[in-house]
Each structure stands twice: as C-alpha cells, then as structure tokens.
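**Student:** Read top to bottom, the protein sequences are chains H and Z. No gaps in the numbering here: position 137 of the first sequence is 137 in the working numbering, and each next residue is one more. Start counting at 1 in the second sequence, then tack on 1000, and there's your number in the working numbering.
It is worth saying that the hints were derived from the structure and are not from the lab. Be aware that a few hints might be false.
Between beta-carbon pairs, the in silico distance windows are [as the list claims (entries may be wrong)]:
| hint | chain 1 | residue 1 | chain 2 | residue 2 | range |
| --- | --- | --- | --- | --- | --- |
| 1 | Z | 1151 | H | 122 | 18 to 26 Å |
| 2 | Z | 1216 | H | 121 | 41 to 49 Å |
| 3 | H | 142 | Z | 1253 | 47 to 55 Å |
| 4 | H | 90 | Z | 1070 | 27 to 35 Å |
| 5 | Z | 1077 | H | 230 | 44 to 52 Å |
| 6 | H | 168 | Z | 1288 | 35 to 43 Å |
| 7 | H | 121 | Z | 1086 | 32 to 40 Å |
| 8 | Z | 1260 | H | 142 | 53 to 61 Å |
| 9 | Z | 1152 | H | 236 | 55 to 63 Å |
All values reported here derive from a predicted model rather than from experimental measurement. C-beta: ideal position from N, C-alpha, C; glycine also.
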Amino acid sequence: MLEANDVSVIYEGGFTALAGASVKLASGAVTGLIGPNGAGKSTLFGVLAGAVRPAKGEVRLAGEAVTHHGPVWRARRGLARTFQLSRELASLSVVENVLVAKPQMRGERLMSLLLARRAVWQEEEAGLDKARALLQRVDLWKLADAPAGTLSGGQKKLLEICRALMLDPRIVLMDEPSAGVNPTRISEIVEFVQALRQEGTTFGLVEHNMGMVRALCDHVYVLAEGRVLTQGRFDDVITDEQVASAYLGAQA
Amino acid sequence: MTAYLIATLTVVAIAALVGLALNLQWGMGGLVNFGLFGFYMLGAYIAGLLTVQGAPPLVALAVAMIGVAALSAVSALISVRLSEDYLAIVTLGFAECLRLVISYEGWLTRGMLGVTGIERPFQNLWPRGFADIGFLAIALFAVLIVYATLQGLARSPFGRLVRATRDDPGVVEALGKSVLNVRVRVFAVGGAILGLAGGLHAFYYTYIDPTQFGPIITAYAFMAVVVGGRGSNRGVLVSAFTLIFLLEGSRFLVDYVHGLGASELAAIRLFIVGVGLVVLLIFKPDGFGREPRSTLAAKSSSSL
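Based on the provided sequences and hints, a complete structural model is requested.
**Tutor:** This is the structure we're talking about:
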C-alpha cells in the first residue's frame, strides 16, 4: 500500500537521519516501526507522508511513485498522520480542530459561501456529527469548545488521532500515539485502531509502548542508526540479539 | 464642531477599513503585511486617477478594489516560500517600490504635484452643505458591508481554515489542504478592502499626493488590531474608533494645558499612544476582543 525503497535523508549540517532504509506498509495491516531514540523512525514517517524530501530513494503509494509529491497531494489520496510532538491548532476549539480536517469542504471556497449557503450548512452539519462521534469516543466531546491549546499532553494526542481519522484515510501514520496518554485511554486507542483495521484501513505505528506494539502490529521493523536492522513478527523480532543490543546500546 | 466631528468620523471609518483588512490578513491569517500603506496608496491612486480621467467614481472604486486585490494576490504568490518574518520584509519592500514609482513616474501619476480635483461618488445627490455628511454615510456604509462580510467569513469553514493556517501551516498541509491557496485568497480579499479604503481616502480629500502615504498607516493599523485583539473584527472597530479619537481629540489639549504648543503636543500625542500600547501589551497581551468561532461548532457545543 505504502512503501519506501532505499531512502536516505541527510539533514542540514550533515547529520544522516536515514541511510538507505526500506519499509513496506501492507494493505489492511498494522506495521510497527520500533527502535531507539534517534533511529530515524519519525524521519521515515516524514518521508512517507511527504513532509521530508529524501536525498535518495523512492516512495510509492498504492503502486504509484509519489516521491516528488508533497504532503497535500498525498493527504488528498488518503494518507493521514499524527505527529510525535502534538501539533494541535492551538487557538481553534477542540471540535474545530477536527472539523477543519474534513476533506472537500465547499464552505472553504469563497464562491460557495456566497452562492451555496444551504449546501455549506448541510455539509457542516454532517461534519459535526462525525466529529462528535470521534470525540465522544475518546471522551473529548465535553471539551469541544475549549481552545485546543489548553488540553493536556495526552488529550492533544487523542485529538490528533481524531483529526487524522476525520480525513477518512486509507492509511494512517501514528507517531507515538500513546505518549502521555493514560493507560485506560491507551486501550481505547488500541480498540480504535483494531476496529478500523477490520474495515480495511492500513496503519503505520511508531511506538515505544511495547505492549501496544505487541497488541496491534502484524509486522514490525526495527530501525537503528537510519537503517532497518531486522523485521518480522513482533515476538520473533523482540528476541533478536541485535535488537536487544541496539536498544541497550542506545541506553548505555 | 459638528464639521470637525464629521471629519474625524470619516477618518475613523477609513482607518477602520484598513484595520479590518489587516485583521483578516494578519489577525486571522498570520500574514504580516507591513506593506499595507502601499496597497492603500495604490487604491487611492487608481481611484483618483481614473476619476479625474472622467470615469464615474463608483467604477473607479471598483477598479481600485479589483486592481489592489490582484496585486495583493501576486505579492502573496511571490512570498510562497517565505516564512512570516520574510513576508514582512517583502511586503514592506513592495510598498516602498510602489511609493517610489508613484512619486517619480510623473507622466502617469503627476508625481509629487499630486492629483487634484477628484470627484466623490454621489456628490450631486446631497443638498449644498451636506456633502461631507453624505460622504460620511457612504464611508460608514462601506464599513458596515465589510464588517458583515468579514464576520461571515470568520464564522465560515473558510475562516476556520484561515485560522488553522495561521496556527500551523504544516498541519494544514498534512490534512491535504493547500496553504498557498488559502494565503493568496486571504491577501486578495484583504487587498480589495485596502483598495476600497484607499479609494475612499482619495474621494474624501479630493486631492492626493505621495506624502499622504507612509508606513505610519501600517503602524496605526497594527495598533488597532493589537488593541482590538487579533482576529476580532468588533475589537478592531472599537479600537480604530478609540485610537483616532484619542489622536484627534488630544489636539484640544492645547487650549487647556498651559505652555503647551502645537508642535510639542504632536510629539507628546504619539508618545502617549506608544506608552499606552506598551502598557496594554503588558497587562492585556491578547487585546480586548475575542475571535469568532465557526458558527455551527460554537452552537453545538454550547448545547452539550
């Protein structure tokens, strides 16, 4: 569904974040990216989403080479993402944060605002119903009118997930969705993801919470120093000696 | 006194239009337009020059709005890859260029001599002696229309998207919406309002020359938006009114304060406004007004 082939990213200043990494997010599956801090997981997500241009390598979305298309183009073809550090739209209310993600809003066109007020209104009501359903699911609806900037860290994470899902995405890239989220809510996210996978949504997951990775991921890539160290089923991968040393090496 | 009040209110109305335009571009859209005065000046010149060439004033005004909107859109395109601070420099440079062109291309703009004899719209409609009141009515009507339009925009899905691009353009792109597209439209709509304000300026004074337009217009507009609260159209109206009345009204201090001359006062007035702004930013950094929300969103959550 979505794949990166042999991509390299060198940041300004010469730091090599990715050195020829290849990953493949199979359709309808949850694919995990794990690895120590600085392994290049978030950079790889950036490359997949189009926010980071690779110096080398290729990205394919549904079989099509999309390396030279930006994030807008990819999002319109069903690729949604969340960010490692929450990027809520701080001055917008919680429900507005979700509503703004609705694709193809006629109310965002000036002509329609003048000429098709009724259609704009109906569309907005439909969007609101959907936003409400999403927010209720993560218990944020009670804060619908609060500025998103006032939410707690965990709530912002949940809000980002709702915002991404508002796109009706075919593929969702989630960057550490559990960071700062309390344990009961984490199981909520897990259920959320499982339900959507049943419906055929493809997921990419960067996560340090190994319980969550074990519960969700069909396939796991282990990244270290910008390369794919190993890949496979979670239980096989986690016993790998290289993996252990990569993690321990980063901690030492 | 009545004449003075009418004159001041007309100035307030024009300043309010400039403030509203900036509130759309910077307040809601996060686009720092330091070149405001250049677009305003262009509007004044288009309207003024066309009118003295014999075009009906309303047609001249419409051309000014369309012309400035188009040029604003182009300047937004140029600055597509620029971050906020660079946009400020580009727009400022752009405005200075405009001012220099208008000052020195005398064959087109009559240069420093200025354009005289600009005709106002509907000027034969009012009875003798009521021309200024009539024009004030037109100016206030323009403010009303622009205010209503901008409030409508602010509460619409479009307004929500504009505020989203201000908060984090990267997120908006990740949601599949073109930030450039939003910015160009914001600049164009703001430009149309600036063209309108500039045109009214030309009509009101019936004479324009390059010295009437300087960066101070930009400064006042930013003051109005900061005091009014970024994003709040109502706040901009109130603060534009307050600001101009403070600046104008303080002229009368000369009569009451002993030993104060007109020239000292001119300096002191600006000083007081500056101090007032600093005090405000310390104690009320977000200004007084509140930014509107998109209507349905606000409605539904109030009935939780």
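**Student:** Determine for every hint whether it applies to the structure shown.
**Tutor:** Status of each hint after checking the structure:
Checked against the hint of 18 to 26 Å, the pair residue 1151 of chain Z and residue 122 of chain H passes, with Cβ atoms roughly 21 Å apart. Between residue 1216 of chain Z and residue 121 of chain H the CB atoms are about 43 Å apart, so this pair conforms to the stated range of 41 to 49 Å. Between residue 142 of chain H and residue 1253 of chain Z the C-beta distance comes to about 53 Å, which sits within the given range of 47 to 55 Å. Taken as a hint, the range 27 to 35 Å holds for the pair residue 90 of chain H and residue 1070 of chain Z, whose Cβ atoms sit roughly 33 Å apart.
Here the CB-CB span from residue 1077 of chain Z to residue 230 of chain H is close to 48 Å, well matched to the stated 44 to 52 Å. Restraint check, residue 168 of chain H to residue 1288 of chain Z: a C-beta distance of roughly 40 Å satisfies the suggested window 35 to 43 Å. Our hint of 32 to 40 Å for residue 121 of chain H and residue 1086 of chain Z holds, since their Cβ atoms are close to 39 Å apart. About 58 Å separates the C-beta atoms of residue 1260 of chain Z and residue 142 of chain H, a value consistent with the hinted range of 53 to 61 Å.
Checking the proposed 55 to 63 Å range against residue 1152 of chain Z and residue 236 of chain H shows it holds: the Cβ atoms sit about 59 Å from each other.
Of the numbered hints given earlier, the model fails none.
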